[in-house]
Structures are given as structure tokens and as C-alpha cells.
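Chemist: Spelled out, the chains give:
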Amino acid sequence: MQNNEALKNALPGCQKFEEVEENVYDSELGINIGPVKGVFTAKVSQVDIKEMDSYRLLVEGQGKPGKFNGDAAMELVEDGDDTTLQCSADVEVTGVLAAAGQRVMNGVAKVIMGQFFKDIEKEAKKIASL
Amino acid sequence: MTKMVGSSVKRKEDARLLTGNGNFADDITLPGMLHASVVRSSSAHAKIKSIKVEEALNHPGVVAVYTGKDLEGKIGPIPTSWYVPGCNLKEPPQYPLAIDHVRYVGDGVALVIAEDRYTVKDAAELIEVEYEDLPAVVNQKEAMEEGAPLLHEDIENNIALNWKAGEIPEGIMENAEVVVKESFYVQRVFPSPLETRAAIGQYNPGSGELTLWCSSQNPHIHRMVLSEVLGISEAKFQVIAPDMGGGFGGKIGVYPDEALIGYAARDLERPVKWIEERSEHYVAANAGRDEYIDVELAGKKDGTLEAIRVKNTANLGAYLSTMGAGVSTIDFGMMVTGSYDIPYAESETFGVYTNTTPTDAYRGAGKPESTYQIERIIDLFAREIKMDPVELRRKNFIKKEAFPYQNAHGLVYDSGDYEKPLNKALEAINYEELRREQEKKRKEGKLIGIGFSTYVEMCGFGPSEVVGAVGFQGGTWENSTVRVHPSGKVTVFCGTSPHGQGHDTTFSQVVADKLGIPIEDIEFVFSDTKSVSMGWGTYGSRSTAVGGAAVSFASDRVVEKAKKIAAHELEVSENDIEFENGKFQVKGVPGKERTFQDIAHSANMAWNLPEGMEPSLEAQYFFKPENFVFPFGTHVAVVEIDKDTGEIDLQRYVSVDDVGTVINPLTAEGQVHGGIAQGVGQALWEGAVYNKNGQLVSGTLMDYTLPKARFFPHIESDFTETPSPVNPLGAKGVGEVGTTASIACAMNAVVDALSVYGITDLEMPLTPEKIWKTVQEKEGNQ
Amino acid sequence: MTVEKKRVSVTANGQACSAEVEPRKLLVHYLRDDLGLTGTHVGCDTSQCGACSVMVDGDVVKSCTMLAVQADHSEITTVEGLGTAAELHPMQQSFWEEHGLQCGYCTPGVMIAAIGLLKENPNPTEEEIREGLEGVICRCTGYQFIVSAVQKAATRIQETGVNLNSQRLVGEGTQND
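Residue numbers (this note's numbering), protein chains in the order written: chain A, 1 to 130; chain B, 131 to 912; chain C, 913 to 1089.
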């Protein structure tokens, strides 16, 4: 979950993911879901890192449709044999993203998050099978 | 011949609208026409660091891209039209496109012009604006606080104006037996005409003439203001308002976008069309209301009201709109005593800039808010002294004999008989029985509420001297020309600008009666600055009272001249002629007559006119009213609240309005219904919501609740008629009364239902969620 | 944009029409801009207002939610296909008599929606009409006179036996079925 390559592969539409300083990345996300479409450049930072346990992911993105600021708390919780990834996120958006209303944005956020978790699972399995 | 005034004539304008033959802005297509799109700020407050336009410019089909910097020095800022005096008004410049600083989501930053409507949207998405965000403030009370983000560097505490009127002598409030205080919030709402804004510019490089079709309620004001902004002579600038899908105040304003379209058409020497999208409309078109109102009402235990003190803290948005300064001051503040004889009043208003879309007039403009505070607080006063709210109102009504009545702020109400509509409404709902029923149901645990609004409003703008004295940049008189063709058919011109009200019909009724000709022989021309003499448009319920009066006077002038011609032809003295049913008849000599059509022909041929008389038959009249007009009435709402769902069932709505002489009962009733729908809409469902960062989160019709058919019961509406002495028709205004009355009325009904819990106020709109939470909380506490 | 255009052919108000359009073009823009049927209006961008309602193969459709290419080979009725000023359709006549319109912008869509309603329920109550107009928004009238217009139209249509399923709705009785 803190593996950069894994993160890049799991971020939907991620076209670029480069570390610019420790735990800070420049990325480009191509998003195309319904009315929300466009390339967002984003600064992604990992903060409050507790190795193998939890961290917060801060995303400051900007694209033609507007801006977004995300703050996601990621936590791995042991649950018997399984490990559950818990995530709670706050996202602030501007422009079309905000005006289009929560209905659309919630949908978009769910799709992106859903995809992210599916992919991270895939990445996790990939790493585990190495 | 039956009299036309007073009868429910079917509308003349409907045939084209019903068959798809209307001519709305987007129906207009011109050869070589381009399409425009405005790129708008996605940030509520930011410095513009850069705007990248290359990609858009290189997009196939794109003709031009303009930014604020490109237009600097070429096109002036858009001025307000209401410089309210004595309030230290501060007007920051509003450039058609932001130059380096955006102040609300929706602020224009670039204009893209392309060959078709799809391409221009594609290209607009390719413009990349880099913003450096600044802290934003959306609430006017927060914006006034020390340390709040400043929108305009030189405007301290974001305070645009501080206006005061009246003074309550010392001791009155302090020594009053009863003082009831409450703070209300009349939330921000959207006028929401179903047709958004639109503009089409066409420039003739040969003649230097510019034509702007513009969805405007006042094309002459648009011409006056934009000719200055664009630096073009009014004589070379024609503004036409085509058919319009409503306005409700939202299309009074002269907007940056309209200036941009005029500019681009001239610059590119090609027609340019701009049609606003709905979600764009909600961030870019002026909103209404958004006022915090603190009220103190003082009086005696017996219900005698003595003084009222009102403070309004109004959100003006990021810039000063066309009527922005006047709504919360003059329109609101002068009427705070309502329909009651309250000897002392004090009004104070703070107008505040915030990082939101500007606010301007919305149906009623200040008067619904003023009515809201007085009609709400009088209910609370009644509750405080345990008096029936109807009895308290009746006790304090301005008496019929007192008219013309001067209110505490000096306004003179023209005429009134407030008991008349009240009694009619009480009868319609069977008031005493209804209260007994309410008592009974309350005992069964049901939440039933009865709400009243016995309003009066000021409209019919207006007497020029007064309007000038309060700083409005317009004359607000009105003109009409009655042109009689050789056949006796008539074209009438008038400077008001209808957009759904049906003035073609109602004004034709006036002319038909005056000239004694069939209504089918009359055609009206409005809304075109090239055809119609200077006029002031349609807003403030002024059209019939001022424009209709001008039509009436101009018709009189035609008859006056025609009578002279008839006397000449019939070889009698003018005094021997009487004019009735379209015939000039020699008194006492049956058959010795001329028809109106005969005289129309004679006048236009001019073969045999009285000596020295000018040919043709045409008259113009410029009518300057001496006062505003003051319609009034009583509205009653009955609601039942479902405790389990929080839903409000609006069971009955009764309106009895007195708008003076009713020209056409059918269209007048239509105006009342529409007004009520918008007022009840504000109370129960509508509300514009910004988040703390200044992002509008109610920016589409998915998120902003416009009422639907099933939201309403069958409205029971009626009229009483107390003619106004201000104009020859005796007409007052009918466009805004429904809205002015109904916000308070619906709210009073709900608060009455919830009074069993001791509730005195709730914030509008009264969504089921809000009501449910309140009920649950109160039930839990009991 | 170098997207290949598609030919879309429809029968609009009884007349065969055809135009080449981008695949993304909305039906409402095809009707207005390509066929010149400007009686149908656009009031929003999220399919709430219903001003753009037209009949496609007999069903009421918000023409801003449908692509022109999806309507290929269909039969479309717009307000222009109802009646003429000289010979109004019973729905138009009723809207006129009952003052069911003010600015007239929503009216074409509302009348089409109301015809759709009467096809389903020829004799609706006031409440059923109010429910049945859920898909349209009018900002001017407060709906009351729209409701009375639809009531009157229902009666009139039953009395005159106008066939609401015919392509051009006036003066053709059942012959176009």
C-alpha cells in the first residue's frame, strides 16, 4: 500500500507518478467518468506514516474542470487471517465538480475509490506472489 | 359594444406561442453566425496566475478567444444603475471579464467564439486557467467581521453601504409594554426563468450600427448602459428583446456577458450568439434575497403597535448589480410598517460584498422581505399578548378613511381598504370554524397551522422626481404612441417590455375601449429600441400602472384629434359630437355620424382637414405618475405537518388581492398564481446553497428545487377592487403581489402548526428533513 | 473534430426529414438547428424541466436526453405537429382558453407531456394531472391553469374523438394509424 509502483498502478487513469521529494509525488490523472472528464495534475503526499499500518494521503489536484483537494486516511486493520484496508476521505472540489452536485460527485468518487481498491488488491496479490 | 376592460379576454399572444411560432433568442439564426461560450471562474476567490488559450485557439472551428487582459481599455466596466444616496455606497469596478482577480464562482475569465455550439463548448474546456486561491467568504455577517477576507482592497470590512431611515424617539422602545424581537433569514433563491439568459449581436461594418437581441426586461436600459460600456452612440445601437421565457427580475440586470457579445460581434464583424446553460445560469445570473433581518416590534398589551426597528444585513454578492443597492434599502426599508398604522419606524441596512454571485431584484425586490418581517413579527406579537393574529392585524390596519396615508418613513399610500380583502378571505376559509377544527385536531396530536399575510406593497415605478431622489439612474415614466393606419387598424407602441405577462392583450383592451374598435384591429410593438421611444421596461409591477396609463392617455389624444376632424366633416361644432362605440355622432341627429375608420382614412389622406391641422392620426403621450401605487390584500394558508415524515401538506391557499381596477381577471389571476408559486416555493422548497469555500452546491435543477404541479393545492384566488387615484385606469400592480404576500403566509402557517412546541422561527426552506428533525427533537424533549 | 457524421432520417410531424449530424448531437438540437423546428425549447441541462419534450414513436421523450442518431427512422411529433393557429389542437385550444401559459417557453413541452398523460389516462382527476406532470416545470403559472387546461382538453378530446396516436394530431382522425 505504500509501494509507489503499486500506488501508481492502482490510481485510476494515472499517467505519471513521480517522486519529487520524500513521500511527495507529482502525478497526472486522466479521469473520464460521465460529465467529469479531463486530465488533472496532482500533488500527492503521504503524511503521518506508520509503516505497515496507516498513513494519510493528501492529494491536491488541478485540471480544466476544476480543482480538488483530497485527504484520505488509510489504515490496515487485522481481521483474523485477513487484512482490511479502511479508508475515510474528505474531498473538496471546485468548479464543475462542485456545481454538478453531490449526486454525480459521489458516483464518480465511488467509481474511483472502487477501482482503486480493486486495483490495490490486485497489486497486493501481485506483490505477494513474487 | 361590450366593454373590454374588466373582461377575461383570451390572450392575443398565445396563437404563436401555442403553435411553436414564438421567436425566442435561441430561435434566431443569422447568416454567418458564430457561437460564444464564457469560461467562468471555478474558484470563489483567487488571483489569476495565467490563462492558457493556445490549445483552444488551435482547435478547429475556433474563431477567437478573449481574456480580460485583451479587453482592457477597450470595453468599460459595467456600472450599477442605482446609486442610493446617503449610505456611503462603494461601487467597485466590474469588468466584463476578470482581469487578474476573480471574486465568485461564475466570474467570467475568457470568451470563446467558434463556428458552432458544440465546438465552442469543446474549445472552452481547453482553456486552462491557473488560480492562486485566496480565502473566500460567502456569508455577509462573516464578511463584515474584522479580519475577514477582503474582496475589494479599498472597501473596508466588505461593506458596500450603510443606509438608515427614520428615527424612533427616545423612550418609546425602552418604555413599551411589550417588545417582541426576532431575527429572520430570507435565504438566497434563484429567479429561475425557464429560458436562461441569451444575447445575439450583429454589427454592420458599413453603417456602424450594432444590433443586440437580448433576453432583457428593459431593452432601453440595456441600450442606455451598454452604449456607454461599448462606446457606441445610442442612435447606432438597437436593442431588441425577442420573446422571452420569463424574467422575474433576473433579466433586469445589465450583465457583463451582454456587453461581451456586443463587443465580439463588432470586433469580428460577424453575428455572435450566446445562449446561457442552466448550470451556468445559476452561477452567473443574479440571484435574489439573501438578507438577515432583525426586527423589534413595540406596542401595548392591548395590541396597539407603537414602533418598529428593523436591521437588514444584505448579501450583495461580489459586485454591485444593476439594482443591487436599492433592493435592500429603498424597496425594503421604506415599507417596514406594512399595512399597519405604526407611528415610528427605524430602518437600517448593511449591504455587504461576499464571494458569491451578485444579487439583484427578484419578483417583489425587497418588498417580499419587508412583508416577511412585519407579517412574521406581528404573528409573534399576537402570540406574546395572547391575541388572535387576525384581530391584532385588524386593530392596527390603516383605516380606509386615512387614505392617502403617509407612513412613518414618509411614503404616501395612494388608496386602500384593507378590511375588504381580509373579510372576504376569512369568509372563504370560514375562519372561526377552521380555528375550532384546528383545536380539535391538535388535541388528537395533529399539527395544523393557519397562516396569514395581510400585506401592502409599493409598486408601479414610478414618480421620476422621487425615483431620482433615491438615486435610481432612470426616469421610470412611460411612453406610448398610438398610430392609426388609413384603414383604421392601429399599431400601438409602448416602452414597457412584457415577457409573459400578456400586455399585448390587456393594453389592447384599454385601446379597444378608448377607440371603440375591435381588439383584433390592434397590434402592439414593445421591446425594440429602434421602434419604441425611450421607455423603462417591465419590472416593479409598473407596466399597467405606468405603461398602460400612457397607452390610455395616447388613445385619448387620438380621439381628441379625430373628434375635431369629424366635427369639421359633419359641419358642426366639436361640442355637438359625442364619441361612443367607435362612432362620432352628432348629438340628437341619428345617422349623422362618422366611424372611427372613416376618420382614420380622412386624417391620413388629409384632403379636407380643419384649417391648420397636421395630417395623419397618431398621438404620443409621456406619462409621469405622481406617486407609486400600493396594492394590498390578504392571503391565508392552511397546512398539516406529518410528524413521521416532516412533510408539509399545503391543504388550502386562499388569496384575496386588491390590485385596483382589474383589466383582465383571467391574466390577473394567472399572475397571482405564479407569484404565489414562487413565494411558497421560497418558504418550502427553494434555496441556493454555497459551501464555505464559495462553491455553489445547488447549481443545477437536480439540486435546486423548482416547484412542480403536485406541490400545490388548488389555489382559491379572488380580488377586491379599490381603484388607484394615481392613473386613469385605476390600476395598481399585480405581478408581484403573490410573491410578496405568500412567503410570510406559508411560513406563518407552518410556525403556527409548530407553535405547540413553542417554536417561533425556522430557517427557510422548510424541507421535510428540517421539519422532521425539529419535531423529533421537540417530541423527545416533551 | 474529425468525427464522421451520420445521416439521421426521421418522419417529423408527418414529413420525411433528413440531415447529417455528429453522432453526439442531441435530438433537441437536431430538431431545432437541422430541421428548423424551434418550437421545442431547452430549459435546463440535466433533464429536469421537460421543456424539450417531444413524442418519439408515440412516447413522450425529453429530447435533450436522446441522441439524434438514436431517433433515426422514428416518427417524431413536436408542437409544430399539433395544430395551426387557424385550427388548434384540442390541447392547444384548451391551453388558450384556460390561460395555461404565460411566457410560453415551457408550453410546447408541457402540452406534449399532457398529451402523453391523456394517452395513458384519458380522464384524469386533478390530482392525477398534477402527478402526471411530474416531468415538466413551469415557472410562470403556478400550474393551476395548466391543470384546468389539461382537464378541459381531456373532455374535449373525448367528445371530439381526436386520435392522440396519429402522427399529425389535428384533422386526420384515425387515418394515419
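It should be emphasised that the hints constitute simulated quantities derived from the structure, not laboratory data. Owing to the predicted nature of the structure, the values given are computational and were not obtained by experimental measurement. Don't take every hint at face value.
Unchecked claim - Restricting the straight-line Cα-Cα distance to at most 20 angstroms, the calculated cross-link-like pairs of lysine to aspartate or glutamate (EDC-like) are:
(1) 554/B to 521/B
(2) 43/A to 260/B
(3) 251/B to 945/C
(4) 271/B to 650/B
(5) 918/C to 563/B
(6) 142/B to 1009/C
(7) 917/C to 245/B
(8) 822/B to 92/A
(9) 529/B to 436/B
What the hints assert, rightly or not - Residues on chain B that point at chain A, a partial pick, calculated with CB under 8 angstroms:
(10) 173
(11) 258
(12) 262
(13) 264
(14) 434
(15) 823
(16) 825
(17) 826
Yeah, the Cβ is synthetic: ideal placement off N, Cα and C, and Gly gets one too.
Chemist: A separate judgement is required for each hint: does it hold in the structure or not?
Modeler: Taking the hints in turn, this is what the structure says about them:
1. 554/B to 521/B: The given pair, whose Cα atoms are some 15 angstroms apart, holds under the 20 angstroms limit.
2. 43/A to 260/B: Within the cut-off at roughly 15 angstroms; holds.
3. 251/B to 945/C: holds, 16 angstroms
4. 271/B to 650/B: Between residue 271/B and residue 650/B the Cα gap is close to 55 angstroms, so the pair fails against 20 angstroms, i.e. violated.
5. 918/C to 563/B: Measuring from Cα to Cα gives roughly 68 angstroms; hence the hint is violated.
6. 142/B to 1009/C: Holds: residue 142/B and residue 1009/C sit about 11 angstroms apart, inside 20 angstroms.
7. 917/C to 245/B: holds, 16 angstroms
8. 822/B to 92/A: Distance of about 10 angstroms is within 20 angstroms: holds.
9. 529/B to 436/B: Holds. Residue 529/B to residue 436/B sits at ~16 angstroms (cutoff 20 angstroms).
10. 173: Holds, about 6 angstroms.
11. 258: holds, 6 angstroms
12. 262: violated, 11 angstroms
13. 264: Interface hint status for residue 264/B: violated (13 angstroms vs cutoff 8 angstroms).
14. 434: At about 51 angstroms, which exceeds the 8 angstroms cut-off, the nearest Cβ of chain A leaves the hint on residue 434/B violated.
15. 823: With a minimum Cβ separation of about 6 angstroms from chain A (threshold 8 angstroms), the hint on residue 823/B holds.
16. 825: holds, 4 angstroms
17. 826: Residue 826/B check passes; min Cβ-Cβ to chain A is 6 angstroms, inside 8 angstroms.
Checked against the numbered hints given earlier, the structure breaks hints 4, 5, 12, 13 and 14 and satisfies all the rest.
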